[in-house]
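Q: Below, each chain spelled out in residue letters.
There are 2 protein chains.
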Amino acid sequence: MKDYIKIDPWNIIEEGFDPALHKVSESLFSIGNGRMGQRANFEESYSGKTLRGSYLAGVYYPDKTRVGWWKNGYPEYFAKVLNSVNWIGIDISVDGVAVDLAHIQPKGFQRKLNMQHGLLERHYTIELQNGNQLQFKWTRFCHITRKDLGVIRLEIAATKDCELTINSYLDGAVYNQDSNYDEFFWEQTSAGAYEKAGVVWVRQQTRKTGFKVLAGAKTQVQQGSEMIPGTLSSGEMRAEEHYRLLLKSGQTLKLEKYVAVLTDMYHQPAQFEDIVKSTISAAVDTGFEQLLEEQIHGWADIWKQADILIEGDDAAQQGIRFNIFQLFQTYNGDDARLNIGPKGFTGEKYGGSTYWDTEAYCIPFYLGTASPEVSRNLLLYRYQQLPKAIENAEKLGFSGGAALYPMVTMNGEECHNEWEITFEEIHRNGAIAYAIYDYINYTGDADYMASHGLEVLIGIARFWAQRVNWSNDKKKFVMLGVTGPNEFENNVNNNWYTNYIASWCMRYAAEQCEWLKTANPSAMNAISGKTALSTEEVSNWKHIQANMYFPFDSDQNVFLQQDGFLDKELIPVSDLPASQRPIVEHWSWDRILRSCYIKQADVLQGFYFFEDDFDADAHRRHFDFYEQYTVHESSLSPCIHSILANKIGNHEKAYEFYLRTSRLDLNDINNDTCDGCHITSMAGTWMTISKGFAGIRVKNGKLHFNPALPNQWKSLTFNLRFRENLFYIHIAGDGVQVTNTSGPDTSAVINGIEKHLPQSNPVSAS
Amino acid sequence: MKDYIKIDPWNIIEEGFDPALHKVSESLFSIGNGRMGQRANFEESYSGKTLRGSYLAGVYYPDKTRVGWWKNGYPEYFAKVLNSVNWIGIDISVDGVAVDLAHIQPKGFQRKLNMQHGLLERHYTIELQNGNQLQFKWTRFCHITRKDLGVIRLEIAATKDCELTINSYLDGAVYNQDSNYDEFFWEQTSAGAYEKAGVVWVRQQTRKTGFKVLAGAKTQVQQGSEMIPGTLSSGEMRAEEHYRLLLKSGQTLKLEKYVAVLTDMYHQPAQFEDIVKSTISAAVDTGFEQLLEEQIHGWADIWKQADILIEGDDAAQQGIRFNIFQLFQTYNGDDARLNIGPKGFTGEKYGGSTYWDTEAYCIPFYLGTASPEVSRNLLLYRYQQLPKAIENAEKLGFSGGAALYPMVTMNGEECHNEWEITFEEIHRNGAIAYAIYDYINYTGDADYMASHGLEVLIGIARFWAQRVNWSNDKKKFVMLGVTGPNEFENNVNNNWYTNYIASWCMRYAAEQCEWLKTANPSAMNAISGKTALSTEEVSNWKHIQANMYFPFDSDQNVFLQQDGFLDKELIPVSDLPASQRPIVEHWSWDRILRSCYIKQADVLQGFYFFEDDFDADAHRRHFDFYEQYTVHESSLSPCIHSILANKIGNHEKAYEFYLRTSRLDLNDINNDTCDGCHITSMAGTWMTISKGFAGIRVKNGKLHFNPALPNQWKSLTFNLRFRENLFYIHIAGDGVQVTNTSGPDTSAVINGIEKHLPQSNPVSAS
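Protein chains in written order, with the working numbering: chain F, 1 to 766; chain G, 1 to 766.
Calculated directly from the structure, the hints in this document are not laboratory data.
Keep in mind the model is a prediction, meaning the values are calculated, not measured.
Misleading hints may appear alongside valid ones.
Since the list can't tell identical chains apart, any single copy or any two copies may satisfy a pair.
[What the hints assert, rightly or not] Only pairs whose alpha carbons sit at most 25 Å apart, straight line, appear in this in silico DSS-like list of lysine-lysine:
| hint | residue 1 | residue 2 |
| --- | --- | --- |
| 1 | 208 | 517 |
| 2 | 107 | 160 |
| 3 | 212 | 64 |
| 4 | 304 | 2 |
| 5 | 702 | 6 |
| 6 | 64 | 349 |
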């Protein structure tokens, strides 16, 4: 828990430089444009503790796994988000003294993430031994529409004349701090200069995966109106632009660095050279000020659909904007090969890019804040990886087109390295099916079922049908050896959530097959042919679904998280000494596994997804039974609990959970923001507002609102995409005002009453 | 399954050289003397597939673990049996052609392990392009009483004159093939020659653990009566003795290599140089022939107590002698710091030296075949490591002197690297307590309880008392999250075996405390003081023991391996296609974990230990229920099942299991002998004879015999150590003849009838 970020509605601000907080700030102030991004590392050399990281969307490395004892079916590799060419580096020395904030204590240091405009800004003053005071002002951004472009501006002014040397460089000798065997993941790294274009370059490719990258940079330095000539040079894996000048007191040095980073995800390597030159040349011609304008416009377009305004609570306001900002700089939704890494471009932890977080948390966010294409691309990502999911299942011994989507992946192959997760945390398959339902329910894009969705549902239903077995003892179908969302338990039998979502998947797949058979017989025929699906198979899913076992305790009248849950020593979290929290830091894994403590919503995750299957009393009972044992040591926990707390009318708890989720990184609540921000849980924050406080649901193709604001909030205002409409929603006290700002006339259900919503006419309700 | 070893009662013989079998043979023909040993690698250079390994007792390396995701309480390192200086190397070339059996196909190749004398012998002929035929004859042994001494003799004869060059070397640049990060485990490796003594040497020490080693060698070469002069040289990490001579047809070259390998386990490093010179000098003075005599005598002393004679079944005969031989060359029992590595000196797999195999399998063997000191030393090993066992438990969150002995260890610290084993396979604690009971019951050394045993029992009972928890649901004490002996299940609740042995431990510890309080109040006082034991604590053990939960199914009338066992799909092993066996090779770990298949005795291990707690019908019921699902994919499985099969009168199955255990490595049944022999399971083989076919038990201080020989055996004859007596036992058909060959007059119970056994008078019964 930290509290050094200044509360401000549009900016993340750090005042004063504390090296102990630097790695946390490097995460928090990260910038990106969905294609590339990086941690808020300093441009100038810094010899203190830092985690240097520049990342390129889709570029990964299959690191050898660390497995104590390999067994059949273990994944072959653990894919790593790859630390790529460092393009921000600008070393500076003044009268021969290196500017290094680890050695020179800056004055008036401020680091600012301007979320409205997508800018990383920093300024400070240093004083040299001769009394010379130099002011530094840095601005950096990853251009939000020119996706390959990064831009840096530096301004320096001094109180005395001094000699400056500047070395603006590209560095290809970058390592992943989390490499399992300290390997260098790049090969064929070369560097040089296009002298005529005045551009230096570094070219390299990844070992094994062979991703090719070319980065080029052009730096321009001027004092007053005088352009300072530079010299280009290159060494092993590194290219540099050197400047030496006399900075006169009263004058300002202005440096601009234009960088293009190309990958073969988006460009033909044969054209790299031309494109890098033309991209940089176009940027130079446009000029810094105009590029900045484009950046501001680009972010304004995003905020227009996605912004949330909270009146009366600046901490909450800053929290939600930070979450939305980070999500949009991680993923823009224009490429179905990409997904949302758990740390986005803010760190390398957790390796691979795609977890079930995407389906369970991120898709609802993008559905509400962006074009349906974005969510559709996230679904297509999984559709494209269906053959790999079938392969994953085959590696474990499943057959006949059963699909097990990976827990962690880059290209569809499983690449986590713990059996208790890869083999067992299979509920992810359910979330992937649920996302199809969610997408169609929200967008109304029913065609997606026939074109893509049903094939995925069939693969998933087949998996579940093979994964259960008939228990002669229970006379029901059971599911043995799983890990639920609560990863503080491994290898349990009959995790209620997994059994429930598996059962739902089989029913949903069967229903959709039957529906499509009537609605579009030829489409269904084609799918049956392609997937070799028989009617017996569909009947079998229904049979299993109707005979599934769900652990239940009649004394407590609750479903049990798994068989034997009540054998545990049940001590509420409130009785744990604070000194033992978080338990994952203070307890052995042995103790955690055997304890009753729940890392994140497990049974309650099922209540969240399938709320209409349970009455209000069941919600209250299960929330009260499980929340008392929940330690929320996953970033994904507080958001679900906030939504459910709202649902059962516990608004105080809902607000408490909201603050925890929305400021998780800003306050470094889990003490791990130094590794990167919790990007996917940020989508959960958005859900606490939309599904929680605003009480938004989609039922039978209509939006429903049941808002209940926290007492601390004067009003809540936001835009929401829903089908053809964009709504402007303003909630204050008990009143709701909904404006259908674009799209055809429509209606919505507000507090249970259907309201006509003609275009542009605000409609109020209470 | 392989069948290339010639059946012979005293020898292991390989006729003809097949490179594909070489690594298996390297394991099978391993030699050692309890202090050092090595795989049957060729002395001459061999460029084919080989696993080179020379090992020194007690010298290990704490290799960094491979853990995908480190969690609190995981062991810091995985101790590795260390491949040490290669002292056997003797490179030979003939007229410039290297003798390398990967390139020159030998004729008349024979490799022989002479188990009676403890010799590795090998001979073959090679023919060169000029028609010259050279005969090679190798003999090698690790001297059984001069523990630091290794001896090699080579004889070469040629049909044509030829030039021989010989390079006899010591090589310190040796790696562990199973190093987790391809590290070199040695440091400060230097080499040189003591010119005056004609001895070359290599000195080195292990990284981290700092074990110091000095190896010295002196090679003597003579043709006829002519001694060939050599030259000494040394390079980096390697020292050599070179010989060059004209070998005349009709003459025999004789080479003798005397090697001393010293470690600081047994010698002061400051004296290494003197000792290595004096050891070698004494060996040279004694001469090869006399050393050979000593070797034969030394092994005769072992066989006198330990040999087993099986008439009418040479395969069975060879099997049991191979097992006994390997055990005695692995562990002699003269040093309580040593233990019995799972591969002995035959390979590096499984890392650390000590598993629960020692207590469950090896101690009964050494009790019956060697002085009680040997078993006592094995118990003292654990006694000395009690403080580390308490530390191990503390790392997991236990307190108050609770002791958790490690699953795998070198120095008492846990050093396996899978949580499902280290945290969970805690039944090992029970076996360690059981061994104390077993030792005292067998030897009558009741003083051991007060002097050492009880402290260990108290630590173990304390662990169990904290490891269980009260289940409000079951109104019993339960034990959650364990792995039983059947490692094909992980993280189960209420493994019956673990609950049973835990319960027994608590009862036994409490009984012994109460007994000692009466028998020797001051001793008990001292122990209570030292361990801060209260009477309430002892009462609590009894309370838990009396209220322990044991999973039971009343329909089948069997104890259940764990909660939920009957939820599995129960298909007998006999219904599995042969193509899917062994399942550990053919199935994913996911499929194995969820299956009903049992790797080794689990519930039945409890019936084996606590047989008197269950009636004959319960034995039969449980054997029949569980054996059908048992795949015996642990080397430790068939022996226990053989003993139990005998007990329930299923002699055919008992014999089938006997062959499987006794010839496990000779026939490479598990297809992994290439990695090393299964040393600890060899003690299980001995138990199948003593406890199985001979039906030997110790009850109330008396030996009981209830023999039942397999039909294939004409007779079974063996010696048995029991307390002050050595018995000679001859069983043939239904008759038993027992001779009390040394020690006072005594009695034994044969087939239920007590017989007086005066010294030296054979007593017959039937």
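Q: Indicate which option fits the pair residue 212, residue 64 if close means a Cα-Cα distance not exceeding 25 Å: within, between, both or neither.
A: Result: close within a single copy only, 20 Å intra versus 34 Å inter.
Q: Is it within, between, both, or neither for residue 64 and residue 349, if the alpha carbons may be no more than 25 Å apart?
A: both (15 Å within a copy, 21 Å between copies)
Q: Have a look at residue 107 and residue 160 and pick one of within, between, both or neither, based on CA distance no larger than 25 Å.
A: within (17 Å within a copy, 91 Å between copies)
Q: One pair to classify: residue 702 and residue 6, alpha carbons no more than 25 Å apart. Within, between, both, or neither?
A: neither (40 Å within a copy, 82 Å between copies)
Q: I want to check one pair: residue 304 and residue 2. Are their C-alpha atoms no more than 25 Å apart within a copy, between two copies, both, or neither?
A: neither (31 Å within a copy, 74 Å between copies)
Q: I want to check one pair: residue 208 and residue 517. Are their C-alpha atoms no more than 25 Å apart within a copy, between two copies, both, or neither?
A: Answer is neither; intra-copy 45 Å and inter-copy 69 Å both fail.
The structure is inconsistent with the numbered hints 1, 4 and 5, although it conforms to all the rest.
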